[in-house]
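Taken in order, these protein sequences are the chains called A and B. The working numbering runs 11 ahead of the 1-based position in the first sequence. The working numbering runs 11 ahead of the 1-based position in the second sequence.
Among the hints, erroneous ones may be present.
Put simply, identical chains are the same to the list, so a pair is met inside one copy or across any two.
[Stated by the list, open to error] Once the Cα atoms are required to be at most 20 Å apart in a straight line, the calculated EDC-like pairs of lysine to aspartate or glutamate come out as:
#	residue 1	residue 2
1	LYS209	GLU350
2	LYS184	GLU223
3	LYS352	GLU307
4	LYS209	ASP75
5	LYS184	GLU310
Bear in mind the hints are in silico, worked out from the structure with no lab data behind them. In this text, all values refer to a predicted model and were calculated from it rather than measured experimentally.
2 protein chains.
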Amino acid sequence: MSDRAVRVAAVGLGRWAKVLADAAGKSDRLKIVNCFSRSEKNREAFSRQYGCRAAKSYAELLNDPEVEGVVVTTPNDAHAQPILEAAGKGKHVYVDKPIAHTMADARLIDQACSDAGVVLAVGHGARRLQGNRKIKEILDRGGVGKLVMAECNFSNNRSLDLTPEQWRWYKDKSPGGPLIQLGVHHTDTLNYLFGPAKRVTAMVKRLYTPAEIEDVTMTLIEMESGQLCYAGSNWASQGAFYTYVYGMDANLFFTVDLDFWQRSDTVDQHSRLEMQRRGSSEHQSIPLARGDILREELEEFAGCVREKKRPEVGGPEGIAALAVVHAAIRSAATGRTVEIKEVMSGEA
Amino acid sequence: MSDRAVRVAAVGLGRWAKVLADAAGKSDRLKIVNCFSRSEKNREAFSRQYGCRAAKSYAELLNDPEVEGVVVTTPNDAHAQPILEAAGKGKHVYVDKPIAHTMADARLIDQACSDAGVVLAVGHGARRLQGNRKIKEILDRGGVGKLVMAECNFSNNRSLDLTPEQWRWYKDKSPGGPLIQLGVHHTDTLNYLFGPAKRVTAMVKRLYTPAEIEDVTMTLIEMESGQLCYAGSNWASQGAFYTYVYGMDANLFFTVDLDFWQRSDTVDQHSRLEMQRRGSSEHQSIPLARGDILREELEEFAGCVREKKRPEVGGPEGIAALAVVHAAIRSAATGRTVEIKEVMSGEA
């Protein structure tokens, strides 16, 4: 462990906190020194598992002088409060995607971190998949020619097992259901590859989930560039994850084996990128490097803390990804196309 | 050649007339005995190539007592006139998809054939691909469990070479561009697998084609069942054709190698259907039989003529597929969701 390692505290200690802690454990650039959850049982267990202190209150955690930053994995609707308090204490912030459940909270979070001069990093790891990185590299060197359209999907059947004890059950905590939980990865990646987004039209349905959220969503996005994108996301079918890019000179087909989604050090080995070049229907495999999307984004966060830089996915990028989600929700509710600027400026 | 072979005449002698004539040549259930095109050169060439008479006028063709039916491959906006005249003479009608370029013409065609008591078959061959037939069979036996959503795409780069001499150049003759030329195959297949459609929202763009039509389209369809479907279609990228079905128990992924699209007796060999079963990310290949979508639909047409039956894709099915196209065009133009019934009852 380097002396320069950034000391962080885990806030919200559910499943994803452990996935992130495992990723952090593979890096010498940050070290988990404290943790907090309202559940004493959870924080004691986390403390034992990851060898860190457990704070009895969030105030105690924020008063820990060793803690330089917080890694927030609380429920989406409980991002703002701990982040605002952390920023107020000068602590840097890494928050899992989405930045927040509402545009209003997202703006509060971004503003507070900006005002406090602390780093705000949002965990949109999907854009760091080696397949998406390679797509970006190919696009940047004009490898597919003029862009025509893109399609993506991120789906699994997690909504079928939801219970009223879980925050994801509720519309006000998890608006858009699979769209804000899974699809928001793709809205960020689409912004990264082709953005910014200009307008959105969408359909959402509640078909099979016992919860009050919707479980099937389809969103069309027109980018400022004029390019059209489709993002599908459901929470009821067998799992799927793909990004397809259609260009005048070539098409790209990127798929990920979701069985390895939580194993961020192996997921790239279980991904496939294929290219279909002009005049051929053959799909040629493109070799992918092996990365670790979670370790890399945590290390980038630590680097930004040390070097006073802004991260690749900060407040504005987190807000932009969320804006597409809220534009889609509004479009589905009203039956009309919704401009991104309408969501960016108004309440949602 | 069986004595019972239905004697037909080819009307409109472009590229697709020859593709259909080649398919008809592999069958003993129909025989091309006459042909007509306004171009004397084209009809003489077709006459030589396929060993049939060439009529000097459409009236002469319709007065040929041997001709029992017409195989119409005129431009989309020139379907109604020859069909109405043929029906008026008691000739049966096979017309390439789409049934017409407008809902008004489509209704005229359906009504005229119905009034005359002649068979009207619309050439939506894509639903006859062995992959789509197998999907239907799997759906019908509940093989994917409850349906969650479906996605499909049919794209190629044909609009880039269009010239003002070609009818596909013009919006009034080919409304929706790739959507009415390619995507309409999928709107029929989606109706076949999951329909009827209830409402539609869409985005269309003109990005790269020199023609006045749009060249990129994305359409979302809500079925009466509540299921959501996406249909993408562009006319500017490298070619793609797929149908994906997401179910609670399994997903199906069907892709076609478009290099073999016009070779209807081999296209099934160059298709791939994969199934992802519950709890696994593995895609297992499902063997497909080998059919011939064009020979089969022409033979079905002949069978309907002989046995006085109605074809699988007649006027109502052709109208339903076209209605999704026109609802999408209207949605894109107005920025709102459009009900299918609105397009079915109104002018488009």
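Checked hints:
1. Proximity of LYS209 to GLU350 under the C-alpha cut-off of 20 Å is restricted to the intra-copy arrangement: shortest distance 6 Å within a copy versus 25 Å between copies.
2. For a Cα distance limit of 20 Å, the shortest separation of LYS184 from GLU223 inside one copy, 11 Å, qualifies, whereas the shortest one across copies, 46 Å, does not.
3. Taking the shortest Cα distances, LYS352 and GLU307 never come within 20 Å of each other, neither inside one copy (31 Å) nor across copies (52 Å).
4. In this homomeric assembly, LYS209 and ASP75 never come within 20 Å of each other (Cα to Cα): the closest approach is 43 Å inside a single copy and 58 Å across copies.
5. Proximity of LYS184 to GLU310 under the C-alpha cut-off of 20 Å is found in neither arrangement, the shortest distances being 29 Å within a copy and 57 Å between copies.
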